[in-house]
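Enquirer: Protein sequences, first through last, are from chains D and B. Here the first sequence stands for residues 1 to 469, numbered as in our numbering. Here the second sequence stands for residues 1 to 469, numbered as in our numbering.
Since the hints were derived computationally from the structure, they do not count as laboratory data.
List time: in silico EDC-like cross-link candidates among lysine to aspartate or glutamate, alpha-carbon distance up to 20 Å: (1) B/Lys221 with D/Glu171; (2) D/Lys221 with B/Glu171; (3) D/Lys187 with B/Asp434; (4) D/Lys187 with B/Glu442.
Chain D stretches covered by chain B per the calculated footprint, using a threshold of three residues with CB under 8 Å from any CB of chain B: (5) 381–387; (6) 427–435.
Where a beta carbon is used, it is the ideal one built from N, C-alpha and C, also for glycine.
2 protein chains.
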Amino acid sequence: MHLPTPRALIKNVLPASLVSALSAQFGERFSTAQAVREHHGRDESSYDPLPPDGVIFVRSTEEVVAAVKLCRAHAVPIIPYGSGTSLEGHVLAVQGGITIDLSQMNQMVALHAEDLTATVQAGLTRKQLNLAIKDSGLFFPIDPGADASLGGMAATRASGTNAVRYGTMRENTLALTVVTADGSVIKTGTRAKKSSAGYDLTRLFVGSEGTLGIITEVTVKLYPRPEATSAAVCSFPSIADAVNCVIQIIQIGIPVARVELLDAHGVKAINAYDKLSLPETTLLLFEFHGSEHGVREQAELAQAIATEHRAVGFEWATRPEERTELWAARHNAYFAILQLRPGCKGISTDCCVPISRLADCILETKADCEANAIIHSIIGHVGDGNFHVLMLIDPSDPVDVAKAEAVNARMVARAIAMDGTCTGEHGVGLHKIDFLVQEHGEAAIAMMRTLKHALDPENLMNPGKILVW
Amino acid sequence: MHLPTPRALIKNVLPASLVSALSAQFGERFSTAQAVREHHGRDESSYDPLPPDGVIFVRSTEEVVAAVKLCRAHAVPIIPYGSGTSLEGHVLAVQGGITIDLSQMNQMVALHAEDLTATVQAGLTRKQLNLAIKDSGLFFPIDPGADASLGGMAATRASGTNAVRYGTMRENTLALTVVTADGSVIKTGTRAKKSSAGYDLTRLFVGSEGTLGIITEVTVKLYPRPEATSAAVCSFPSIADAVNCVIQIIQIGIPVARVELLDAHGVKAINAYDKLSLPETTLLLFEFHGSEHGVREQAELAQAIATEHRAVGFEWATRPEERTELWAARHNAYFAILQLRPGCKGISTDCCVPISRLADCILETKADCEANAIIHSIIGHVGDGNFHVLMLIDPSDPVDVAKAEAVNARMVARAIAMDGTCTGEHGVGLHKIDFLVQEHGEAAIAMMRTLKHALDPENLMNPGKILVW
Numbered sequence: 001m002h003l004p005t006p007r008a009l010i011k012n013v014l015p016a017s018l019v020s021a022l023s024a025q026f027g028e029r030f031s032t033a034q035a036v037r038e039h040h041g042r043d044e045s046s047y048d049p050l051p052p053d054g055v056i057f058v059r060s061t062e063e064v065v066a067a068v069k070l071c072r073a074h075a076v077p078i079i080p081y082g083s084g085t086s087l088e089g090h091v092l093a094v095q096g097g098i099t100i101d102l103s104q105m106n107q108m109v110a111l112h113a114e115d116l117t118a119t120v121q122a123g124l125t126r127k128q129l130n131l132a133i134k135d136s137g138l139f140f141p142i143d144p145g146a147d148a149s150l151g152g153m154a155a156t157r158a159s160g161t162n163a164v165r166y167g168t169m170r171e172n173t174l175a176l177t178v179v180t181a182d183g184s185v186i187k188t189g190t191r192a193k194k195s196s197a198g199y200d201l202t203r204l205f206v207g208s209e210g211t212l213g214i215i216t217e218v219t220v221k222l223y224p225r226p227e228a229t230s231a232a233v234c235s236f237p238s239i240a241d242a243v244n245c246v247i248q249i250i251q252i253g254i255p256v257a258r259v260e261l262l263d264a265h266g267v268k269a270i271n272a273y274d275k276l277s278l279p280e281t282t283l284l285l286f287e288f289h290g291s292e293h294g295v296r297e298q299a300e301l302a303q304a305i306a307t308e309h310r311a312v313g314f315e316w317a318t319r320p321e322e323r324t325e326l327w328a329a330r331h332n333a334y335f336a337i338l339q340l341r342p343g344c345k346g347i348s349t350d351c352c353v354p355i356s357r358l359a360d361c362i363l364e365t366k367a368d369c370e371a372n373a374i375i376h377s378i379i380g381h382v383g384d385g386n387f388h389v390l391m392l393i394d395p396s397d398p399v400d401v402a403k404a405e406a407v408n409a410r411m412v413a414r415a416i417a418m419d420g421t422c423t424g425e426h427g428v429g430l431h432k433i434d435f436l437v438q439e440h441g442e443a444a445i446a447m448m449r450t451l452k453h454a455l456d457p458e459n460l461m462n463p464g465k466i467l468v469w
Numbered sequence: 001m002h003l004p005t006p007r008a009l010i011k012n013v014l015p016a017s018l019v020s021a022l023s024a025q026f027g028e029r030f031s032t033a034q035a036v037r038e039h040h041g042r043d044e045s046s047y048d049p050l051p052p053d054g055v056i057f058v059r060s061t062e063e064v065v066a067a068v069k070l071c072r073a074h075a076v077p078i079i080p081y082g083s084g085t086s087l088e089g090h091v092l093a094v095q096g097g098i099t100i101d102l103s104q105m106n107q108m109v110a111l112h113a114e115d116l117t118a119t120v121q122a123g124l125t126r127k128q129l130n131l132a133i134k135d136s137g138l139f140f141p142i143d144p145g146a147d148a149s150l151g152g153m154a155a156t157r158a159s160g161t162n163a164v165r166y167g168t169m170r171e172n173t174l175a176l177t178v179v180t181a182d183g184s185v186i187k188t189g190t191r192a193k194k195s196s197a198g199y200d201l202t203r204l205f206v207g208s209e210g211t212l213g214i215i216t217e218v219t220v221k222l223y224p225r226p227e228a229t230s231a232a233v234c235s236f237p238s239i240a241d242a243v244n245c246v247i248q249i250i251q252i253g254i255p256v257a258r259v260e261l262l263d264a265h266g267v268k269a270i271n272a273y274d275k276l277s278l279p280e281t282t283l284l285l286f287e288f289h290g291s292e293h294g295v296r297e298q299a300e301l302a303q304a305i306a307t308e309h310r311a312v313g314f315e316w317a318t319r320p321e322e323r324t325e326l327w328a329a330r331h332n333a334y335f336a337i338l339q340l341r342p343g344c345k346g347i348s349t350d351c352c353v354p355i356s357r358l359a360d361c362i363l364e365t366k367a368d369c370e371a372n373a374i375i376h377s378i379i380g381h382v383g384d385g386n387f388h389v390l391m392l393i394d395p396s397d398p399v400d401v402a403k404a405e406a407v408n409a410r411m412v413a414r415a416i417a418m419d420g421t422c423t424g425e426h427g428v429g430l431h432k433i434d435f436l437v438q439e440h441g442e443a444a445i446a447m448m449r450t451l452k453h454a455l456d457p458e459n460l461m462n463p464g465k466i467l468v469w
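Given the sequences, and given the hints that come with them, work out the whole structure.
Expert: This is how it looks when you write it as structure tokens:
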């Protein structure tokens with residue numbers, strides 16, 4: 001797919017003095033090999049790769065400092081890279097430069113089970129974290145689907161299925177260690193659960209997509225594993241019924257841990273992919289966390305509300321392996337849906353609206369896909385008013401691409417008109433820069449630009465993302 | 001009490017051209033009367049008043065814009081004022097200037113009950129908000145004790161008794177309307193529950209204490225009023241027992257809505273003030289929210305844990321009037337404690353630590369008060385690891401003041417050494433500027449200063465607070 005912002009595309013040649021300095025400092029952990037560069041020039045968006053000019057595999061905050069100082073001395077852009085699972089072109093080297101790969105920084109720094117906190121290196125993934133704490137009785141709930149790194153999740157303000165109950169990276173990040181554009185190291189917070197001590201640097205970096213500095217450590221909240229968990233699925237005759245069911249569940253305050261919507265296309269796809277036999281109509285997947293009795297109470301209430309909204313086929317999955325199968329199917333949905341049009345690429349987009357507007361926003365967006373004959377699926381973290389549209393396109397066909405981009409633009413305009421946001425959890429990256437202006441207005445964008453200019457005056461930190469310089 | 005930062009104290013004379021321009025614009029709503037200025041030069045801290053040179057009672061965002069532009073044109077400082085209930089000297093006019101009183105901006109802008117959000121003018125107080133929404137089945141949980149304005153609560157990142165369950169202003173503010181230093185109006189967010197759309201301007205202004213701009217509207221989350229509520233008190237032989245009980249309740253994940261500690265001095269004070277007969281030893285006050293069965297389950301579990309920690313005299317208050325009496329006593333504690341030393345002034349300070357360190361932090365701080373013969377009380381939002389020390393001093397006695405300040409400094413150093421924060425909810429104001437440096441380190445403070453310089457290059461927005469320019 002072609003970049004919508006070619007104005008950001010600048011071709012660089014890496015200065016020989018920088019190459020030799022990086023080689024001297026990092027040895028074989030600095031690479032300019034074609035394969036390594038190409039691997040780091042792509043994410044899970046449908047953009048064509050834009051490789052950096054070199055990649056450093058760092059092992060410590062001090063090494064990130066050294067890398068930043070060397071790149072800065074040569075005015076070369078710096079792009080942080082965690083697991084490459086971002087969805088809006090966040091890691092593409094639109095202005096060339098050096099990618100700092102943090103995946104080898106994957107150690108637990110400190111687990112404080114008694115305080116329900118963990119401090120980890122930024123390259124540790126969420127699954128690695130949950131594995132590392134599995135004997136503590138605690139878990140880390142944020143689950144964006146991909147096994148993303150904690151640093152990347154903080155940088156994109158990620159969330160996912162559990163956010164309706166546990167919040168997003170915004171609410172669950174207590175502190176960050178950040179290497180700034182001038183190579184200083186700051187700690188943005190403490191392990192105190194709350195603080196009124198000055199400007200909220202933690203939240204400034206959460207969601208900053210590497211454009212203000214490089215996150216090297218993350219302190220997150222953990223939660224006691226619930227005494228009881230149950231999951232359920234049920235089917236609805238229409239999307240409106242399913243969404244209205246969710247709206248009512250949220251409005252009366254049932255503390256549902258997950259509530260996910262799959263449209264009929266999505267259900268059909270996971271049936272084929274995961275060899276399931278779910279009714280091929282709108283599906284809701286629920287998960288409830290709490291005490292034995294509390295979970296039963298929540299679930300009964302949810303089922304009663306679902307039934308009022310014409311749900312059928314309520315099925316319970318209380319055994320862990322049944323639940324795992326169900327959630328694996330949900331997590332595979334992206335890949336399953338891609339099979340609906342062999343050889344295609346998926347454009348995945350998301351938005352988030354106040355929950356009372358969710359049914360309208362989904363239905364109008366679906367009608368738009370259908371009017372444009374775009375094979376698609378809508379999947380939603382509907383408890384938060386957040387949904388995804390996966391559109392299957394032929395990336396070599398400009399008409400196909402243009403149609404999908406137009407649907408996306410109209411979805412964003414619709415969400416913004418409903419007092420919602422152009423992205424609930426994917427981030428801005430390259431793809432939503434213009435929408436950001438629509439959403440926030442010129443004065444707020446000017447303030448964001450002022451912040452960027454103040455903290456990265458030479459525009460070296462992941463340039464070309466979030467804002468046009 | 002004398003200012004600890006006289007370096008910020010600058011004497012101004014209001015330019016005559018500004019006085020006439022403000023009079024022309026605001027008529028009688030611009031005042032330079034001595035009584036009005038003195039009223040606006042004090043908060044609930046123990047500082048001697050520092051009146052502004054004039055006060056404007058604004059009625060709209062547009063009027064704030066006009067006021068900011070006029071003050072800026074004359075290089076005169078601007079101080080926002082909500083209800084004057086801050087605790088660290090936030091509203092004192094250390095460099096003179098004009099106070100913008102927002103208390104007449106106290107209207108509901110939009111209640112979206114179906115989305116669990118309300119947008120209010122910044123001068124609306126939390127009690128006014130709860131009154132305005134009382135027929136909706138919803139409530140706004142954040143309760144810092146004082147009937148503070150929503151704008152002030154956002155500006156100081158306030159929290160209070162319910163934060164352990166519902167979070168602070170950080171988590172509950174969805175969007176702000178802000179008048180910036182150059183008189184622009186920005187909206188920092190939307191009503192979407194989550195967003196990854198660019199830098200988090202909302203969180204940048206939450207906790208910025210008026211130093212980056214003036215908050216004129218606040219969009220907050222609301223919550224369904226719980227089906228059932230119960231409150232309880234019990235007494236412990238020691239502070240350590242009580243705190244250890246709370247630690248265990250939090251660690252196993254009981255979703256307690258409030259858990260407050262009062263030390264023996266505090267209990268004695270409220271017994272006298274509210275004509276109660278509670279045992280004069282460490283007290284915990286609990287509140288539980290949920291379904292009928294859920295509340296009973298939480299409460300029984302909490303009682304069992306309390307009993308393990310030698311609690312006695314568990315008493316339930318399930319009737320609304322009993323609960324109201326109990327929480328009124330808690331909220332009156334500040335005034336009740338002041339009566340322990342007639343004619344004194346109270347220095348109220350707070351800190352917040354990871355919960356595993358809470359007992360140590362409280363006990364060492366209490367021992368320090370006792371070693372210095374300071375009449376005091378410790379009251380805590382202990383579920384968050386947050387506590388307050390109220391020290392009763394003779395403000396005219398420099399020895400008394402110095403002793404209290406030294407206890408405060410050692411408490412903060414202790415909290416920071418425990419990976420906690422110098423203030424959990426009061427904010428920095430004038431009083432914790434030096435501690436902020438201790439907590440964050442020079443590099444992070446340099447970044448905060450960069451932000452302040454970028455967004456308020458002429459240092460006109462509540463100058464002298466949070467940071468030394």
